[in-house]
Amino acid sequence: MKFAIQINEGPFTHQAADTAYQFTKAALENGHEIFRVFFYHDGVNNGTMYGVPPVDDRNVQAIWSELAEKHDLDLVVCVAAAQRRGIMDEDEAKRHGKGAANIAPKFRISGLGQLIEAGIQADRLLVFGD
Amino acid sequence: MSVTKKFVYINRKAPYGTVYALESLEVVLIGAAFEQEVQLVFVDDGVYQLTKGQSTQGIGMKNFSKTYAALGDYDVNQIYVDEQSLKDRGLTMDDLQELTYEDEDDDWAEKSSMQLVNREQLAALIGDADVLLNF
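Protein sequence lines, in the order shown, are assigned to chains A and B.
In terms of our numbering, the first sequence opens at residue 16 and continues consecutively.
In terms of our numbering, the second sequence opens at residue 211 and continues consecutively.
So, partial list: chain A residues that the calculated Cβ filter (under 7 Å) puts toward chain B: (1) H56; (2) L127; (3) I135.
No wet-lab data here; the hints were simulated from the structure.
Think of the CB as a built atom: it goes at the ideal place given N, C-alpha and C, for glycine as much as any other residue.
Here chain B stands alone, though its shape is the one from the complex:
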């Protein structure tokens, strides 16, 4: 399978309440083995997926928030967060987990995988996708 496509995953929903966030992450992790270009976008309530200090004890749901930290090890290191969505919810990047990866082209230096984007950049990113998966 020599074709390389750009897979863009749009995460729009809160981590709990529906299964979409969890099952999106499962696709991303499996898909990472296919050596395609992968970009993750967090927009709308999807930004809550990355918030720090999640606790699900009171709601009986599985807390899968720590799994996002493993994305860097799967070479998933292009993670885009919609600035407006954070702002609308009174959040900043400080409220989110810092997702990082080790750059093999730079002596395995640890670098941030996350980037804030505005709506214009988001539109360009989506326009550039070959395969768009919306969760």
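If we strip away everything but chain A, and leave its shape as in the complex, we get:
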């Protein structure tokens, strides 16, 4: 089956991104396709490369990057939600006069149209978080 994933909560305060990660990983291991993972609301905070949790805890941001690297996942951070919350790639940082990008590897910034397209193209869109 072709799944699309939407994640609406940031890392750590909510477990939504962890659950979405476990689901995505299991789906891929069982031969399903993940059309796209779309990060919205505070979910965009899963796309920062600057998260440094204690070493005995999982690093929610890093495990997404690793999973995307392994399976060539399309991790998309909503641009409007990201701008509000200070998640930027090189282009965005330059455009807004900010010092440096902070988007994690394998994440990309794009628009809400990517979410709608995912809803249209996937067999099921699964939403994680409030």
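Could you slot chain B onto chain A? The hints should help.
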């Protein structure tokens, strides 16, 4: 992209206090360009999103309530309000903005986009959705 699906947006939260209502509206407006069937549902505290005469001066939040009036121009004209949620909060349809659209099949007559629904109708509506986005 020739597939047409039924997108149902469920709005459950008050307009201020959390960002969900505002960012839901942003999805709806962007999504309108994709020529899909779109239905909006307002339920629980979500009914407050449509109340008339909102003022955010005292709380320093952006008042985006006028944006709902533009939905008709985006061909978003199936808007459902849960009757029980209004009742539980001591509200009636008179407390809400009147959202309208111009019907191109009827000489652009201005018509109401809003419809009161009971829980049974709401369940059927949700059951009929292809893509359900809950905010």
